[in-house]
Amino acid sequence: MRIVISTETLYSDFVKKVEAISEQTLPSCYQCGKCSAGCPMCFAMDLLPNQIIRLAQLGLEDDITKANTIWICASCITCSVRCPRGVDLARVMEALRLITSRKNIDQVQIPAIPKETIAELPQLAMVGGFRKLTA
Amino acid sequence: MKLSYYPGCTLKTKAKNAEDSAIASLATLGIELAELPRWNCCGTVYSFAGDEELHQLAPVRNLIRVKETGNDKVVTICSFCYNTLKRADLLVTSNPEKMHTINTFMEEEIDYEGDVSVVHLLEVLRDDIGWESISEKVQVPLKELKVAPYYGCTLLRPQDIAIDDVEKPIIMQDLLKALGADIIDFPYATECCGSYQIISNPDFVSQRAWDILSSAVRRKVDAIVLSCPLCDSNLGQKQKELMQTHSEFKGIPILYFSQLLALALGLDLEVCHFELNYVDPRPLLKSKKLIP
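Which chain is which? The protein sequence lines are A and B, in order. In this text, residue positions in the first sequence follow my numbering: the first is 1, and each later residue adds one. In this text, residue positions in the second sequence follow my numbering: the first is 1, and each later residue adds one.
Don't read these hints as lab results, they were simulated from the structure. There could be a bad hint or two in this list.
Said to hold, decoys possible - Calculated pairs, DSSO-like style, for lysine-lysine (alpha carbon to alpha carbon, straight line, at most 27 Å): (1) B:K98 - A:K17; (2) B:K98 - A:K115; (3) A:K103 - B:K289; (4) A:K115 - B:K16.
Bound-form chain B, shown alone (with noise of 0.2 Å):
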């Protein structure tokens, strides 16, 4: 099967470990992801504004790139870029004078119809491959790892583009657990880091780093688990002041869901990119024997 692939700004630069972990580990479980050409930014955050749509151009014209490929369906992996492209999609299926109005406005593209759906890469391994498959081709089992969960915002909310229940989520949960891995669920996994306030009152998502991490240690958790790269560069890169902030604190490796799944699969470790996460998780994978 091969697949539109959207891989969004972050994924191409800071977010290299999701991305070629993703990518290879799909291959592997029989998808083809083919990305997009002259695919653009997706707007990054879904613009609430209901009486202007030039925010939600830059989406649109992105799932018009998708059709002209032929495809009806696109896949991200940034978090973000699901939860913009997706609401953007939405929005204009459930409102045909916007639809209209975009699709005026950018003369020069085909038109949009809402013929394409947005998926994020978990639900594809959730619902095009499943986790009796995954389960299956599993060569490294992530025994007595222990991994906590976090969604963060935009792959949950709001509801009608959520792509799992909103307030109790298990689709990371059943990937891990079909990767071998312990699941310890901690009451933060939907709760937000602080997102883009990081720009503009780092301090505050200092709190909520803190916040988030702390309970996951006094959980004993070995790692945290996520899919968007703004939760784990705030997550991630907070460490090191948390540390000096709180002497107790011994930091915690945050790691992206795809670069588990390629371990798991026995890829090659370079696709997994390990030495890009903010906490060096190579330690704690070497002391589990996950690594050499």
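Looking at chain A on its own, in the form it has when it is part of the complex (with noise of 0.2 Å):
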């Protein structure tokens, strides 16, 4: 994957936005790669989670808004409990989630959720989703 590096992007408002919502430090990621080792859900996902940190660090917030990873994490912790820096890798992504949610964009269209999966689900599995993917 090829990626452009520029100091505009480095030292821009996203990257303190990340830091601000997830009150994470982004460059104590050292790339070692644990947090996708343990994903569960990273084989749906474009980009690991490794790949999104060293992207939220680099500032390049439209290559993180390109994949899907953000929208596919479970925040299951995993990645957080495992990390040998101590960076809470879940509100990472909970804190770029939120970039865009607040946006008022939802990443699941309620009425379109059939009577029948509506009917199935149990509550706390839709008010978890509804309130981790949309606005």
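With the hints as a guide, dock the two chains, each given alone in a separate frame, to form the complex.
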């Protein structure tokens, strides 16, 4: 994967915003890859969790937004408990989701969910999903 | 002993089998679970956002309800409720400024001052009752029932709210051992089932369910035992589809630990509500002579 690094993105408001919402220090990550090694959802992700935090460090918001990764994350927190640098990557993922959600963009179209699915699923699946994936 | 009990949405609807069996079992073990008056949604998934406290109001309000009853401890049965309430308590007790903001916002309520401890039912069984006392009260030992405890995420992560070791928990093994079951460890015990992705990416959850279920089947497990209603739904409801996509898969019952507790304590089978399980466990329990 080819990426363009510039001081413009490196010192952008985006990086500051991710750090403020997640309360994490992005440069702490040294790319060991343990987060991706243990991620139960990484089989379905365009970019791996360690790639996402690398892009976040570099301020490459567009590359992150283009990938499905942050919307596939199930907030299981396995990455966070295993990170040798103490980075809570689950919180970084949430910050990245919120930067989109706060623009009032939904990842799940609630009216499109079939009635049978609503009848079948337990309440916490729906409340949890809507809270993580809608504005 | 009487303890405050926070049920949450799913235990009152889809997971009556978890709730009824837990309440009846605890009563037999000498603990009355008193449901909180006026409880509200816990928020379901804990909000990780560091720049807003709005999502912490719901869980903190529930903790205030506990405080109003005069109790300093609240028990949850649902793993998600445990996680959300416990983490909200931890957030405000470790951050006086946020606690102040939340208390000021909820003017109509008494102040929360970190005075309630949130515990999961498994912790009550381990810490307040003890495996030995439970073992002594077993009427129907779960002999030759091979069970794989499955913890999922929210009882164990993050580390500061874990009810047991994050990577190698044994609390459910200990309970099931006390009930006389054969424990089979499997490598997916603490892995995520796909969680709320069921509403947006059900196919990915099918893949997770298959990985977890097939691992248990390879180890010749009779049933998977768990605590979380979302894991129960993802692992249970996906089985019909998985039986079609994997013809060799014949299905595997998923049970709440509280159902097996009630069964082993010899309680009326009605409180177990086995008819509500997504995969009927009764043929298995009959074959092991645990139910008539």
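Hints, verified against the model:
1. B:K98 - A:K17: Cα-Cα ~19 Å, so holds.
2. B:K98 - A:K115: 40 Å, violated
3. A:K103 - B:K289: 58 Å, violated
4. A:K115 - B:K16: 22 Å, holds
Of the hints listed earlier, those the structure fails to meet are numbers 2 and 3, in rising order.
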